[in-house]
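J.: Sequence:
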Amino acid sequence: MAKTTTRPKPATAKKTEATGSATPDGAADIRMIPLDQLEPSPLNVRRVATSASDDAELLASIRETGIKQNLVVHALSETRFAVDAGGRRLKALKQLSEDGVIPVEHPVPCLVEDERNAILTSATENLQRAAMHPADQFEAFDKMIGEGRSEDEIALKFGVSVDLVRRRLKLARVAPEIIEQFRVGDLTLECVMAFTLTDDHDRQLAVWNAVKGGYHIHPQSIKRQLTETAHSANSGLGRFVGIEAYEAAGGVLLRDLFDDRASAHMENPELLERLAIEKLQAAAKPFEAAWKWVEVHLSVDYGAFRSFGRIYPQDIAPDPGLLAEEERLIAREEELAAQNDGEDWTDVETEEYYAIEPRLREIEALQRERQAYADEDRAIAGVVLTIGHDGVLRVEKGLVRPEDIPAAPEPDDTTADADGAPSPARPQVTPPTSSTPLPSSDPAATLRKADGISASLADDLRATRQHILRAHLAADFEVAFDAMLYALCEQALGRSYTNEALDISIRPFQAQNREVLHTDTVAQKMLEALEQDLATDWMKLEKPDDFRAMSALPIEDKQALFAWATGLAVKPQLSSDNRPSPIIEEIGARLDVDVAACWRPTAQNYWGRVNKGHAVAMARKLIGDDYAEERNRERKGDIAAAMERAFAETASETEGFDAATVARTTRWLPEGMVFAGATEADAKMTGDAPEAEEGDVPAADPLAEVESDEPSSLPAFLSGDAA
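Those letters in the sequence shown? Residues 10 to 732, by the numbering used here.
No wet-lab data here; the hints were simulated from the structure. Ideal Cβ placement from N, Cα and C applies to all residues, glycine included. Please note: incorrect hints may appear among the correct ones.
Listed next, with one range per pair, are the computed distances between beta-carbon atoms [to be verified]:
#1 M493 with E412: 15 to 23 Å
#2 E148 with P446: 24 to 32 Å
#3 G397 with V357: 27 to 35 Å
#4 L600 with D324: 50 to 58 Å
In silico EDC-like cross-links for lysine to aspartate or glutamate, where the CA-CA straight-line distance does not exceed 20 Å [to be verified]:
#5 K301 with E162
#6 K179 with E162
#7 K552 with D601
Just need the whole structure built from these sequences, with the hints factored in.
T.: Structure, rendered in structure tokens:
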């Protein structure tokens, strides 16, 4: 065993040396004292025992390399010495003696001091020790590995555990620049360990530059940034693909080297998504022949399936074998619960009881899978395959897109039986229960990306192909007109929000409270009359027969469809809005739209929804002070009713106003309702317009008859008499 490098004193030293007498200049007295003459000192200040692992490391180090530091003792007698500093080393030596590794009289280097200095010496040694920096440990271990030593050998030489050696060697994955930051105290050991998630030093340094300016650098923030583009192996996507399949395809896996419980991260998201898409597409193959459409999605937002209509499988008799098993399991479950009577089950009974419920769910799923969908149902419905949050394939069958939900037929002899019930031949679709957008994804783009086809390249290819097609389409008016009209009708009449051929977007504006706003109005009657005459039978055909039939329509029918679809797409705005579209204002002016003839402010649509001050101000401005003061004394409901009468077309009859007042109230519109470019008389009637002059008379109202109670309430050009 190696000896101390401190010069030892002879074993036959003078008596004064044995008793620990200090020399006049205070020099230390070093002696080689037999182990069996040493014992723990009651003056040692260390009272809290060290951990068993620390003691084991010290024992291993002394066994391998011997004592590297002498003990500090004071003499109790000529043959007995108390160890004031070095109690753990003494304990390790005693253990080695008991194990037969060294003899009981093994010489131990000791510094002999006066008993009066024992407490000071013990405290000094325990308080002023500095542990070796982990970075220095790493470099020392790494150099020894380079010399050909094994991890076990290094652990023995340094008196540390093999696990500590391995943990320090893992720091070799960290960039030297980060290790230096660790040395100077800018990073904790835990933060350095977090960087070992990846071997890429450039990426480590990029993350370090991103986090170093923070007030407090936390290991989790480092891990989060290192894995921000990766997927956890425990995520639904990671579990669906699986680590083995991912690594077999060449994927890089990030693991936390210092935490066996931590999740691995899959560093190649494009590859992972490609593998998931391919697995989903393979699972979708069996459904493609039987259903109208099949889609695969990596994920689907919560509640998105409620945006589809639903069809359900036909009820059939359950499988007798499964039914018998289900009944037997239920009976056994009840038997176990009853016979327990508060006593603990045996292990076998416990295992049996808790296995029943999962099997019952399996039987229920198997019975459900046996139920078939009708052919006519599958003809309008589709299937979505996606990945559940638990990483299990999720298959949603019987989904009906809103545009594919068949309209309810008119009850007649062909669509109803004797009791008036709907014909069973027509698919019965449960309507959507949510307006959440339907799930969408682009599996082809995912696969192209994984194959190295960048998004910009794919865009260039599309642009080239589109340019060629555009050059041909621009030379043929008939095809271009029919294509545009078809795209318009697809959205305006077919309730479709996508186009297969053209980049056209028609988003019909639908007011939330349209039932209140539009019912029995002039505009609604006009639209209903126009819609009745639209040629739409071609839309009942399958693609592309519907396109051929529409193309064969007379030009008048095409023009009517075109105008109808265009009107449905007009955006809502007031001329007083911020940056209103001048095009919409010009359209209104060119059409000479008479808003006042089509809409009057009522208690429901206007006066009951404005504050009292506004109503009174309009009354004062357009009718007079006396009328306004009278309204000001009324409750809001009464004011609204009075203002409705005063601003109605019949104000001259019901309110007794003079001609000038009638001219103002019956043509008045809130600010922004009149289309820019309308006649000056109409502009004067807006909320902020100047008062009409005395003697002004109402302008002629071409649609005044529309809202009357007469049987013919439509304008002449829309009524049957105009034919």
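J.: Each hint needs a verdict: does it hold in this structure or not?
T.: Evaluation of the provided hints:
no.: 1; hint: M493 with E412: 15 to 23 Å; in the structure: 19 Å, holds
no.: 2; hint: E148 with P446: 24 to 32 Å; in the structure: 58 Å, violated
no.: 3; hint: G397 with V357: 27 to 35 Å; in the structure: 33 Å, holds
no.: 4; hint: L600 with D324: 50 to 58 Å; in the structure: 56 Å, holds
no.: 5; hint: K301 with E162; in the structure: 69 Å, violated
no.: 6; hint: K179 with E162; in the structure: 17 Å, holds
no.: 7; hint: K552 with D601; in the structure: 40 Å, violated
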